[in-house]
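> Work out the full structure, taking the sequences as your base and the hints as a guide.
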Amino acid sequence: MFEIVTTRANPMVDPSLHVWGWEIPVYLFLGGWVAGSMVLTGYFLRQGRRPGATSVSRVLPWIGIVLLSLGMGALFLDLEHKLYVWRLYLTFQPSAPMSWGGWILILVYPVLLLGALASVPPDLLARWPAVARLAARLNEAPAAARLGTVSIVAGIALGVYTGILLSSLGARPLWASAALGPLFLVSGLSTGAAFAHVIAGDAQEQSTLLRADNLFLATELVLIGLILIGLLTASASHAAAAGLLLGGPYTAVFWVFVVGLGILLPLAIQLLVASHRIPHTVVPALLVIGGGLALRFVIVSAGQYSHWISQ
Amino acid sequence: MARLGMVIDTRKCVGCMDCVIACKTENGVPDGHCRDWIAQRLQGTLPHLRLTITSERCNHCDRPPCVSCCPTGASHVHDYGQVVLVDHDKCIGCKACLAACPYGARFVHPDGYADKCTFCIHRVERGELPACVSVCPTHSMYFGDLDDPESEVSRLIASRRHFVLMPDAGTGPRIYYLE
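Chains E and R supply the protein sequences, listed in that same order.
This note's numbering puts the first residue of the first sequence at 1, with every later residue one more than the last.
This note's numbering puts the first residue of the second sequence at 1, with every later residue one more than the last.
Any given hint could be a false lead.
With a Cα cut of at most 30 Å, we get these calculated DSS-like pairs of lysine-lysine [to be verified]:
hint, chain 1, residue 1, chain 2, residue 2
1, R, Lys24, R, Lys90
2, R, Lys12, R, Lys24
3, R, Lys24, E, Lys82
4, R, Lys12, E, Lys82
Hint data in this document are derived by calculation from the structure and do not stem from the laboratory.
Written out as structure tokens, the structure reads:
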């Protein structure tokens with residue numbers, strides 16, 4: 001028998017061990033979605049698609065601005081000392097992923113704005129010649145390709161940091177995996193691709209995005225497997241953390257909503273669509289988006305539930 | 001530079017919670033929160049049971065994860081005694097430090113910033129002991145420089161069997177419990 005009785009009353013930590021509510025998972029999900037969209041936008045720009053042409057890369061920056069603003073709104077709501085948020089931008093703390101994230105967001109917004117500006121039809125910008133010239137310039141081959149490269153780099157940085165943010169918090173064993181950053185990036189890519197292939201007007205782009213999403217979903221499965229293997233073969237605390245998803249309280253929600261409905265079912269449907277056995281449908285995209293949100297909620301919530309098993 | 005730490009004799013501690021009340025009084029800790037607390041660990045099988053009472057608080061770790069994850073530098077290692085402190089005016093209340101601390105030693109103050117034990121640095125800099133140490137009726141708590149081999153805390157650690165909380169977490173806690 002080993003029983004601990006404690007007299008402390010720390011409602012932010014005990015008894016739930018939860019410090020982050022719905023705001024952080026929502027931000028991580030929306031940030032990942034924007035990251036994925038930026039990488040896909042960058043890919044199409046580098047493939048020679050012009051922002052002003054009929055391409056999904058024309059729409060994604062606008063949606064990215066809206067989604068990122070909503071996500072940052074959620075992030076702001078989570079802060080307990082809201083009036084001091086500007087302190088984030090008076091310093092750079094290299095050991096703190098949240099500091100990296102704050103500055104990455106500063107990089108991401110202008111890239112999204114440039115992408116959005118380039119997609120505006122020239123006649124709408126006639127009153128602002130300088131802006132019109134910039135938009136026209138961004139539609140020329142070398143500038144568009146360069147914008148694509150920057151978009152890919154900023155998107156990868158945004159997607160990966162959200163995972164590293166959690167994995168750097170060593171007190172929560174479930175997050176102690178270097179694969180969490182790549183998992184969140186690939187999940188963001190998958191969400192971005194699922195949404196993009198629904199709104200894509202160009203048949204060729206739609207086909208490319210659908211096949212890419214299948215690859216992202218399969219990669220997600222591999223990364224989830226690697227994370228669980230890594231935890232199960234580490235210390236007792238890490239194995240117990242993996243147990244939360246393998247028989248513990250988060251098992252059903254993880255395997256049903258994240259893996260089953262969020263990855264396997266849409267992957268199966270999209271494979272049938274890709275092989276032209278069934279017509280294109282919005283259903284798998286909705287499932288992938290829901291699965292991406294469920295992944296963030298389960299990982300953030302179960303991670304906070306996990307703890308070191310020690311004296 | 002001194003490296004301040006604490007030694008607590010679990011054979012003397014009776015769990016009276018004087019340390020908890022002294023801390024709340026000295027530091028004006030708001031209702032519903034505490035910077036230190038008492039834990040009782042009951043181990044074994046009947047009739048061979050062992051009860052260990054520990055007075056717990058921030059461990060002012062040598063490798064504090066709350067400091068390395070802080071995005072604004074609000075959580076920092078103080079020059080005096082390498083004590084881990086929070087600068088309230090720099091804290092944005094992101095709670096990363098709460099998630100990073102394996103001891104759950106931190107909480108969000110009702111005013112919005114992260115709060116925790118300071119080893120009563122305002123008293124220590126005046127040459128006094130932390131409030132919890134100064135009131136302990138069984139004299140179970142010791143405080144001093146862990147880097148000074150002649151200090152009382154160093155001599156106790158060198159001469160008595162002891163343990164720290166959650167050594168596997170790798171944070172290098174600086175509160176030692178004598179067995």
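> Which of the stated hints cannot be reconciled with the structure, identified by number in ascending sequence?
Failing hint: just 4.
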